[in-house]
Amino acid sequence: MNETSATVATVAAKSAMAGETGTKPPQLRAARIRKQSIIKFVILFITLAFLFVPLIAMLVFTLRHPLSGRWSAAPWIAIFTGNGESLGADLTVLWQGIGTSLALCAVTVVIMLLLMVPTMVIVHIRSKALERAIEWVATLPLTIPAIVLVVGLGPIYRWLSADVLSTNPIWLCFAYVILVMPFAFRAIAVGLNSIDVKTLVEASRSLGASWPKVFFRVIIPNLWQSILSASFISIAVVLGEYTVASLLGRMNLQVALYQLGQSNSQISTAMSLLALLFGVVLLVALDLISDAMRKTREGK
Amino acid sequence: MTAAIAQNGPAAAKVAGPSANSSSSTLARHRQELGTFAVTLPFFAYTACFLLAPTVIVVIGAFQTRDGGFTLANFNKLFEPNTLSAFVTSILVSIASSVIGTVVGGLASYALVIGAKPNGLMRRLVSAISSVLAQFGGVMLAFAFIATIGINGIGTMLIKTLTGFTVNPNWLSSLPGLVTVYCYFQIPLMIIIFLPAVDSIRPQWREACESLGGNTFQYWTRVALPILAPRFISAFLLLFASAFSAYATAAALFSQRSILVPLMIQGAMRNEMDPNQQGFAQVLAFAMIIVVAIVMLLSHAVEKRAGRWQ
Amino acid sequence: MTLDSTTATSAPVSPAAEEEAFKNDPTATLEGVRGKDVTKAAKALLKDSAKRGGGSIQMQDVVKIYPGSTKRALDDFNLDIKPGEMVVLLGGSGCGKSTALRSLAGLEDIQGGRIMVGGQDVTGVPVNKREMAMVFQAYSLFPHMTALENVEFGLEVRGVSKEERRKIAMEQLDLVGLADQAKKYTQQMSGGQQQRVALARALAVKPRVLLLDEPLSALDAKVRVQLRDQIRRIQLSTGTTTVFVTHDQEEALAVADRIGVMNNGKIEQIAAPQDLYQRPATEYVATFIGLTNRLPGASNGEEAVVFGQRMPLLAGSAAGDAVAVLVRPENLALSLPGQHDSNIGEHARVEVIHFLGSLVRVDTVITSGEFQRWNKGEQLKVTVQLPANELPAGLAAGDEVIVTPRPVAALAC
Chain A
1 MNETSATVAT VAAKSAMAGE TGTKPPQLRA ARIRKQSIIK FVILFITLAF
51 LFVPLIAMLV FTLRHPLSGR WSAAPWIAIF TGNGESLGAD LTVLWQGIGT
101 SLALCAVTVV IMLLLMVPTM VIVHIRSKAL ERAIEWVATL PLTIPAIVLV
151 VGLGPIYRWL SADVLSTNPI WLCFAYVILV MPFAFRAIAV GLNSIDVKTL
201 VEASRSLGAS WPKVFFRVII PNLWQSILSA SFISIAVVLG EYTVASLLGR
251 MNLQVALYQL GQSNSQISTA MSLLALLFGV VLLVALDLIS DAMRKTREGK
Chain B
1 MTAAIAQNGP AAAKVAGPSA NSSSSTLARH RQELGTFAVT LPFFAYTACF
51 LLAPTVIVVI GAFQTRDGGF TLANFNKLFE PNTLSAFVTS ILVSIASSVI
101 GTVVGGLASY ALVIGAKPNG LMRRLVSAIS SVLAQFGGVM LAFAFIATIG
151 INGIGTMLIK TLTGFTVNPN WLSSLPGLVT VYCYFQIPLM IIIFLPAVDS
201 IRPQWREACE SLGGNTFQYW TRVALPILAP RFISAFLLLF ASAFSAYATA
251 AALFSQRSIL VPLMIQGAMR NEMDPNQQGF AQVLAFAMII VVAIVMLLSH
301 AVEKRAGRWQ
Chain C
1 MTLDSTTATS APVSPAAEEE AFKNDPTATL EGVRGKDVTK AAKALLKDSA
51 KRGGGSIQMQ DVVKIYPGST KRALDDFNLD IKPGEMVVLL GGSGCGKSTA
101 LRSLAGLEDI QGGRIMVGGQ DVTGVPVNKR EMAMVFQAYS LFPHMTALEN
151 VEFGLEVRGV SKEERRKIAM EQLDLVGLAD QAKKYTQQMS GGQQQRVALA
201 RALAVKPRVL LLDEPLSALD AKVRVQLRDQ IRRIQLSTGT TTVFVTHDQE
251 EALAVADRIG VMNNGKIEQI AAPQDLYQRP ATEYVATFIG LTNRLPGASN
301 GEEAVVFGQR MPLLAGSAAG DAVAVLVRPE NLALSLPGQH DSNIGEHARV
351 EVIHFLGSLV RVDTVITSGE FQRWNKGEQL KVTVQLPANE LPAGLAAGDE
401 VIVTPRPVAA LAC
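Residue numbers (full-length UniProt numbering), protein chains in the order written: chain A, 1 to 300; chain B, 1 to 310; chain C, 1 to 413.
Pulled out of the complex, with its shape left as it was, chain A reads as follows (with noise of 0.2 Å):
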């Protein structure tokens, strides 16, 4: 009759042979999904092992001297007693860079939140219009690079460091502010789109709360979640930053590595992989506190 008709007319033969056997019905849903795990499997596979391959690369070099071959965990070794001289490296630059790394990172976040989440918070209640103009305004670094912006900060710092303050790399924070605003930015927006502060705020008025106990006691905690998750991705930018410190001649975690990767690879390659895995497990510690967050939440 048609087309369509003698498919099904074969099929069913097919089938009906099956029956005679006595075997099961054509599992055709189960033998997609296992095509389909197979093709995941080796998308997975071929992703995962370019992106692993240079770093257990960086593993073997910190252990394998490149020039005599010999293996050893001396530059480990180095990192974690803090004394460089069997690898005749001086580690004081990169201590040095370390301080002043988690210096910066504590207060970008402080100016950040500070900056970011009242403000953000009024204009969510207040005024739309606003809003959109703080989203545009904050997530414009993202089209503005840092090496352009870095062109720009030169003489602002000069200005800076020669008649304001000084040439302590911390007041980098002030620049680094502006490079984590984007990404703080966006993890703040989750937060607040998903609860209805509002109500909430009209709720707690109703109620007789002032404002300053609003915000501290109603807002924040509910925000909480996004607030973590804005402070962490920060510290990690902070933690990775070359190019605005290095063009401005300040030192940090980065430039330290840097300049220590010029004497002594194999120690900067071996802090490179240490501060990588700080960053994945950094991330990995958001997700899993604010996956405890919600289920206790959803437990109440």
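Treat the hints with care, as some may be off.
[To be verified] Residues from chain C that face chain A, not an exhaustive set, calculated with beta carbons under 8 Å:
hint, residue
1, 108
2, 111
3, 112
4, 114
5, 124
6, 126
7, 314
8, 400
9, 404
[As the list claims (entries may be wrong)] Only pairs whose alpha carbons sit at most 20 Å apart, straight line, appear in this in silico PhoX-like list of lysine-lysine:
hint, chain 1, residue 1, chain 2, residue 2
10, A, 295, B, 117
11, C, 184, C, 167
12, C, 183, B, 304
13, C, 183, C, 162
14, C, 71, C, 266
15, C, 183, C, 167
16, A, 24, A, 128
17, A, 35, B, 117
18, C, 184, C, 162
19, C, 184, B, 304
20, A, 24, C, 167
21, A, 213, A, 198
22, B, 117, A, 40
[Said to hold, decoys possible] Away from chain A, derived, C-beta distances all over 12 Å, residues of chain C:
hint, residue
23, 62
24, 67
25, 113
26, 192
27, 221
28, 298
Hints listed in this document are in silico derivations from the structure and should not be mistaken for laboratory results. Just so we're clear, the structure is a prediction, and the values are computed from it rather than from any experiment. Built from N, CA and C at the ideal position, the CB exists for glycine as well.
Since chain A is already given, all that's left is putting chains B and C on it; use the hints.
Here is chains B and C on its own, set in the frame of chain A:
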């Protein structure tokens, strides 16, 4: 405190009746608007100082002579062969790494989402690793590639021992080398951008398609890919912008050779006192802003087009 | 087989003939008809639709076990549907009703048994070749297509020409009353409109079987009622064999030719709505559909004595000295102690009186202590339903009444 008063203002006006108290209610509204604006003032002041001011300095600097007058002469250097070739290399590397990044990263996101548990361990781990590699790698990625395929890299040694072939130590700064290095943060970036897009694909669509008589090929060409296309294109554009503005990895790999635009900016900044280099860094930066802005506008246009049904 | 969907594609019915079919559609006269009349009209139509087509369905000893589970989601499941019939599978969550529908559609593999549609074995036929169409609970419309493009989709993948498919799609949209929304995208439509487009999309391919998987459960109550009536009207007019899955008994009673009540992967009973209500075959069916009281009684398998009243029993009733007889609230009478002149019936205390307009439902508790023993120490609560004008005047909570079963056939278990 002003905010509290402002909040009560309109409510009181409503009770009193709109006609009787309209003037006081407008006053209250103005006051509320003023209060809101006051709270946002620090934010706007800060971004004006550290985001707007540097951008303005770049733009002005691009059009300024040594003694502060207006000029277009700075742009002449933009068309010198060196500069042009840096732009071409930058754009080629960005396009190639973005194409590979979107395709491979897109496939990987699909593999991570389809038929998997929404919060599986695999997915969490891959997204955490991807975030680190995509956004915070920088110098450390350069070390990874030096360790792999640099002069004393593990890969270089392995290839030499196994095949006897010596990898050209300059391979990393060749076009294919640069693309490989850039893919190392482009693929992870694509994965974190694209995972939510793949998440939004509903299994019902596939079932509906099949129950209406569509086969796998028709599902992909008529349903899944058209739905993903706008997100895919805008992800490609974002990847392009990210590659085009990347500095740290390239700078750590070959700081002495200005083969990419960001490296050229670095060189120009170092030689700012050289009268020949007047405004050069600013001109390059300005050109970068233009390129990235065009890309972002395209991306907005794509999203707006898809907005009809999204 | 006459309405094999392919007739619409490779050998399209002439448009004029099709229009004629819609014009002669008895649905037009069905509008506004309610209750028994709908069933009558439906039966008349059934004969007619057998002529027009609509596939018969047989699911025989179907077994479905989900991967990683040992439980049988479908346990030797049997279902036999006549062409043009609308069968509702009704049951609580996890009873296997959706699994049955998805297995029929081919969206799930089955581990045993076979499925026949229109006399053909389709067990090994992939979903897209089964010539069925499914309406999902929600979100199944393609978001990047307009309503019209969505409806055209099934015809497009069958290679129907552009003008032809546009014409058919417009007709289908018209049928569901959305011709003016053809250019809209999914996101611009309400949930009810989206489900109507999904229905039009499914019908456009002239499926042998129409499958509806809880199509109304994501909608609000008012839209749900409107749309279910519309689905029934359209189904009667097209004569498409339809399987409708729901957990809502009211919905099932309103649209079905027959209802299959499912429990633990099996159909407990399949019958016309009225039969199901009046002659339930199992305790599960009796308690799942409508309200029912479990009253203590003694049974010989054919007759029972409840509160001193002799009652005929339905087939399948249990025998014994202490059985539970399932009595509907409307099969109980209520009288005041002073006016009660027979020795049957049991004393009870009124707890709550619910006025339901023309009806009144009275919740009572039997005061005799012996029934507490029977009821494992709990109070024996009995609900009585009667027309509002039969309620004894001035009856209030706390009053004493006498509850008497009417001699209507019931199930003992």
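Hints the structure fails to honour: 7, 8, 9, 16, 20, 23, 24 and 25
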